[in-house]
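Peer 1: Produce the entire structure from the sequences given, and follow the hints as far as they go.
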Amino acid sequence: MSVGQNPWVRPYVLTGGRTKTKHQLYVHTLVSAAHFDARAAAQLTPESRRLYDRVRLGPQSVAELSAHCGISLGVTRVLLEDLASTEHLQINDGAYDSPFDHRLLKRVIDGLSELG
Amino acid sequence: MAFPSSADRPALNVTSAKIVVAGGFGVGKSTLVASVSEIPPVNTEAWMTQAGESVDPLSDASAKTTTTVAMDFGRVTLAPDLLLYLFGTPGQPRFWPMWDDLCRGASGALVLVDTRQLDASFPAVNYFENDSDVPFIVAVNLFDGKLTHSLEKVRDALCLDERTPLVTVDARDRRSTAKALVACLSHTMKTTPTRA
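Protein chains in written order, with full-length UniProt numbering: chain A, 1 to 116; chain B, 1 to 196.
Everything labelled a hint here was simulated from the structure, so no lab data went into it.
Predicted, not measured: the structure shown is a model, and the values here were computed from it.
Even glycine gets a Cβ: it sits at the ideal position worked out from N, Cα and C.
Treat the hints loosely; a few may be bogus.
As the list claims (entries may be wrong) - In silico DSS-like pairs for lysine-lysine, Cα to Cα no more than 27 Å straight-line: (1) B/K179 to B/K146; (2) B/K179 to B/K153; (3) A/K106 to B/K179; (4) B/K153 to B/K190; (5) A/K106 to B/K190.
Unchecked claim - Some chain B residues close to chain A (C-beta under 8 Å, calculated; not the full set): (6) V14; (7) Y85; (8) R175; (9) S186.
Peer 2: Next up, the structure:
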């Protein structure tokens, strides 16, 4: 049984007690993988492997990965950062420095206007 | 900005933006998110662990290290390289610490109100007025398709600043929701410097 499925194991055992990440990982920060390496996947812990497998479907947010893999948000953040540091995954920093960048806002407004 | 890509290769330069949908319990946040989301809105419990919030969980029985939370979010692909996420805030006061986490990096917030229970959304208005830098607007959800109180009365009842836009929305309707979200981001554009 994996640690994540055992309610008697504290979630942060999976992260060696770490709760913080170095990067700013927002709930909507996108994570992606350039390619899938089955051999590398086989060596991951079950939780990291679930996240890595899921990212194969395409760029997804931290929140989606957490929800679909059934791993708490805090633990997900730490594990994703580890997977990025070993180059399994990439954390998309986004093309804009700020959520208030007017070029970004304009694009989102234009996109939403076409939804109707 | 289209570039040649093969359909089976994931694009790596996708950008995401986020709008927070706040308001009290039962005002229609989930409905609003669902009306535009292309994925079934994710509404999960027991996936959130609040770690590091309390130093010694044993000192207080109520300060559990593991907290279950129901949270809504949805996704809209606006362009091949642009995703918009909508995150509903949990209504219960004990999840306040989560609001900061959800709001970090948001481009705007929409506080949804139901005129039949205005007070349910007071905490959300207070939060964005006092405790957050995220620009926000207030949207009155037209549950039965019509406005039962004038917007001025709603503004007065909420003690809403003149500068905060107040709009109406039918949260069930995709087009209406999209329009309210546009109003939300237009407000952000007006209140932030061009090169924010």
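Peer 1: Each of the hints needs a verdict: does it hold here or not?
Peer 2: Okay, the hints, checked on the actual structure:
1. A hinted pair counts as satisfied when its Cα atoms are at most 27 Å apart, and B/K179 with B/K146 qualifies at roughly 17 Å.
2. For the hint linking B/K179 to B/K153, the alpha-carbon distance of about 22 Å falls within 27 Å, and the restraint holds.
3. For the suggested pair A/K106 and B/K179, the alpha carbons sit about 14 Å apart, so the restraint of at most 27 Å is met.
4. About 25 Å separates the Cα atoms of B/K153 and B/K190, which keeps this hinted pair within 27 Å; it holds.
5. At most 27 Å may separate the alpha-carbon atoms for a hinted pair to count; A/K106 and B/K190 meet this at roughly 12 Å.
6. For B/V14, the shortest C-beta to C-beta distance to chain A is roughly 5 Å, which falls under 8 Å, so the interface hint holds.
7. Interface restraint check: B/Y85 against chain A, minimum CB-CB distance 4 Å, threshold 8 Å, status holds.
8. Nearest Cβ of chain A to the Cβ of B/R175: about 4 Å, under the 8 Å cut. The hint holds.
9. Because the closest C-beta pair between B/S186 and chain A is about 7 Å apart, less than 8 Å, the hint holds.
Hint compliance for this structure: every hint is met.
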